[in-house]
Every structure is written in C-alpha cells, then in structure tokens.
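*Asks:* Listed below, chain by chain, are the residues.
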Amino acid sequence: QKEVEQNSGPLSVPEGAIASLNCTYSDRGSQSFFWYRQYSGKSPELIMFIYSNGDKEDGRFTAQLNKASQYVSLLIRDSQPSDSATYLCAVKTTDDMRFGAGTRLTVKP
Amino acid sequence: DGGITQSPKYLFRKEGQNVTLSCEQNLNHDAMYWYRQDPGQGLRLIYYSQIVNDFQKGDIAEGYSVSREKKESFPLTVTSAQKNPTAFYLCASSIVPGLDEQFFGPGTRLTVL
Chain X
1 QKEVEQNSGP LSVPEGAIAS LNCTYSDRGS QSFFWYRQYS GKSPELIMFI YSNGDKEDGR
61 FTAQLNKASQ YVSLLIRDSQ PSDSATYLCA VKTTDDMRFG AGTRLTVKP
Chain D
1001 DGGITQSPKY LFRKEGQNVT LSCEQNLNHD AMYWYRQDPG QGLRLIYYSQ IVNDFQKGDI
1061 AEGYSVSREK KESFPLTVTS AQKNPTAFYL CASSIVPGLD EQFFGPGTRL TVL
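As you go down the protein sequences, you meet chains X and D in turn. This note's numbering numbers the first residue of the first sequence as 1 and each following residue consecutively. This note's numbering numbers the first residue of the second sequence as 1001 and each following residue consecutively.
Extracted from the complex, chain X is given alone in its bound form (with noise of 0.2 Å):
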C-alpha cells in the first residue's frame, strides 16, 4: 500500500508566525505533490503543488521537496486566523493519487 502520512494536529500558532506542515511518503517513484487548504464542512481547494526538488513559493506559502527523504512540506509565513484548516497532502504516485489524512491548522489572534 503506497501511504502518504501526515501528522493529524492539531498544529497551533500564534498569529504572524511561520507554519509548518509535514508530510512523508512511501512511494520512492512519486512524481508530483500537492498541497490542499480544507475548511470545514468545505471541499479541498489546491493551494500549491511541486514537483522538484527544493523550495516554490507562492505569496506567503512555501513549499518543500525531498525526494531522497521522500518528505513534503509546507511553510505558511505570517499567519492569520483565516488559515485556520485542515491541509491535506496529496502524492501522485506511480500507479494513483493518494491523499494524506490531513493537519489541522489553528491561528490563534
């Protein structure tokens, strides 16, 4: 079974601080990882994706990719109340998609 983990949380943070969310994978041919912002009650909506090595920003959001660690990150930078979700991991592996359980994300003002 190709599993993509994630610490379940709750994370919390003060607001302004950085965020940082994990997330390991067993499949070594893994080709493209996806980050999903999930509100409650809401559907999963695409926030970032990567699929080489290092670093890709976008505004506050960071991503991180190690491919020899087989490890995925994301970092939230100055965070606010309204990042307060659950964010979920997803692994195109070499067969499927395969989705982590997700972390739960508070940003307490």
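Honestly, I wouldn't trust all of these hints.
What the hints assert, rightly or not - As a list, the in silico EDC-like pairs of lysine to aspartate or glutamate whose alpha-carbon atoms are at most 20 Å apart:
#, chain 1, residue 1, chain 2, residue 2
1, D, K1057, X, D55
2, X, K2, D, D1038
3, D, K1009, X, E45
4, X, K42, D, D1030
5, D, K1014, D, E1062
6, D, K1057, D, D1030
7, X, K56, D, D1100
8, X, K2, D, D1059
9, X, K67, X, E15
10, X, K56, X, D83
11, D, K1009, D, E1072
12, X, K2, D, D1100
13, X, K67, X, D55
14, D, K1071, D, E1024
Said to hold, decoys possible - Among the chain D residues that face chain X by a calculated CB cut under 7 Å, a handful are:
#, residue
15, F1012
16, P1039
17, G1040
18, Q1041
19, G1042
20, L1043
21, L1090
22, D1100
23, P1106
Said to hold, decoys possible - From chain X, some residues computed to sit far from chain D (all C-beta separations above 12 Å):
#, residue
24, A17
25, I18
26, S20
27, D27
28, E57
29, F61
30, Q70
Hint data in this document are derived by calculation from the structure and do not stem from the laboratory. Beta carbons are placed, not taken as given, at the ideal position from N, Cα and C, and that holds for glycine.
Got chain X sorted already, so can you dock chain D onto it with the hints?
*Replies:* The following block gives chain D in isolation, referenced to the frame of chain X:
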C-alpha cells in the same frame, strides 16, 4: 462561471435505499473522480473515469456504481449493499487523465438514518 457542481448538498437515506449523487462539470475536463472522506481519514477513491462510457474501480468501489454517458456528468449511486455509507462524498475532475491537478466540487454529505 466554470466549475464543478454537486447536488444535493445534504442527503438523508433510510437503510436499504439506493441514492444517486449528482456531479456536473463545465470545465471540459476529460477525467472525473469520486472520493469518500471520513473523519480522520484521507480521501479514498471510489471510482474514476478517464473518458466517456468508460470508468474504473478505485480502492473502495464495493456498494457503489457510476455511469459516464456524457463528458460533463458523472453520477454516483450508493446502493443498499454499501454497509456504512454515511460520509462526505467529493467529486473531482482533471483536464486530462493522469494530469495531476484535480479540482473538487463542493461535496455531498450523506447520512443514513
């Protein structure tokens, strides 16, 4: 507006009943997917379709059925054979099969009474 719509938003079913969840997209996407989400678990793939009149089972297809008669429509039927159907059901689409980015509809929350 382009997007994916799902209906109904909430659905209640009595045990032994079949129900059909609607999913429509006007994005001209070839591939469509159905996922189930349970509390504390990742999204699990029920069925997917890469082209009209063709679909494949995902990890948890038992107790479900689908059809893909039109490119824009991919309805999911939850049959009475599905023993634990209470969940949040998400429909997604992608531009072409195997292309990575999937876009989700708003979801249908099904409750069995």
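*Asks:* Run every hint past the structure and note whether it holds.
*Replies:* Structure-based check of each hint:
The straight-line distance between the Cα atoms of D:K1057 and X:D55 is roughly 35 Å, outside the 20 Å bound, and the hint therefore fails. In summary, the hint linking X:K2 to D:D1038 is supported, as the alpha carbons are separated by about 19 Å, within the 20 Å threshold. Distance check on the hinted pair: D:K1009 and X:E45 sit about 17 Å apart at the alpha-carbon level, within 20 Å; holds. For the given pair, X:K42 sits about 24 Å from D:D1030 by alpha-carbon distance, which is inconsistent with the 20 Å threshold.
With a CA separation close to 19 Å, the supplied pair D:K1014 and D:E1062 stays within the 20 Å bound. Under the criterion of a C-alpha separation no larger than 20 Å, the hint pairing D:K1057 with D:D1030 is consistent with the structure, at around 17 Å. Simply put, X:K56 and D:D1100 have alpha-carbon atoms about 17 Å apart, close enough for the 20 Å limit, and the pair holds. Taking the CA atoms of X:K2 and D:D1059, the gap is near 12 Å; set against the 20 Å cutoff, the hint holds.
About 31 Å separates the Cα atoms of X:K67 and X:E15, which puts this hinted pair outside 20 Å; it is violated. Taken as a hint, the X:K56 and X:D83 pair is honoured in the structure, with Cα atoms around 19 Å apart against an allowance of 20 Å. With a C-alpha separation of about 19 Å, the suggested pair D:K1009 and D:E1072 falls inside the 20 Å cut-off, and the hint holds. About 17 Å separates the Cα atoms of X:K2 and D:D1100, which keeps this hinted pair within 20 Å; it holds.
Between X:K67 and X:D55 the CA atoms are separated by roughly 12 Å; this keeps the pair inside 20 Å, and the hint holds. Note on D:K1071 and D:E1024: the hinted pairing holds, with a Cα-Cα distance of about 9 Å set against a maximum of 20 Å. Interface hint status for D:F1012: violated, as the beta-carbon distance to the closest one in chain X is roughly 16 Å, over 7 Å. Restraint check, D:P1039 versus chain X: the minimum CB separation of about 9 Å is more than 7 Å; hint violated.
Checking D:G1040 against chain X by beta carbon gives a least distance of about 6 Å; that is within 7 Å, so the hint holds. With a least beta-carbon distance of about 5 Å to chain X, the hint placing D:Q1041 at the interface is held under the 7 Å criterion. Hint status for D:G1042: holds, given a least beta-carbon distance of 4 Å to chain X, under 7 Å. Because the beta carbon of D:L1043 sits about 4 Å from the nearest beta carbon in chain X, less than 7 Å, this interface hint is met.
Look at D:L1090: its Cβ gets to within about 6 Å of chain X, closer than 7 Å, so that hint holds up. Because the beta carbon of D:D1100 sits about 4 Å from the nearest beta carbon in chain X, less than 7 Å, this interface hint is met. Contact between D:P1106 and chain X, as hinted, is supported at the beta carbon level, the nearest pair being about 5 Å apart and thus within 7 Å. For X:A17, the condition that its CB be more than 12 Å from all CB atoms of chain D holds, with the nearest at approximately 26 Å.
For X:I18, the condition that its CB be more than 12 Å from all CB atoms of chain D holds, with the nearest at approximately 25 Å. For X:S20, the condition that its CB be more than 12 Å from all CB atoms of chain D holds, with the nearest at approximately 20 Å. Separation of X:D27 from chain D is adequate, the least Cβ-Cβ distance of about 14 Å exceeding the 12 Å criterion. Remark: the non-interface label on X:E57 is consistent with the geometry, its nearest Cβ contact in chain D lying 18 Å away (cut-off 12 Å).
Non-interface status of X:F61 relative to chain D is upheld: no Cβ of that chain comes within 12 Å, the nearest being about 16 Å off. Distance check on X:Q70: its Cβ is at least 17 Å (rounded) from any Cβ of chain D, clearing the 12 Å threshold; non-interface status holds.
Of the numbered hints stated above, those contradicted by the structure are hints 1, 4, 9, 15 and 16, listed in ascending order.
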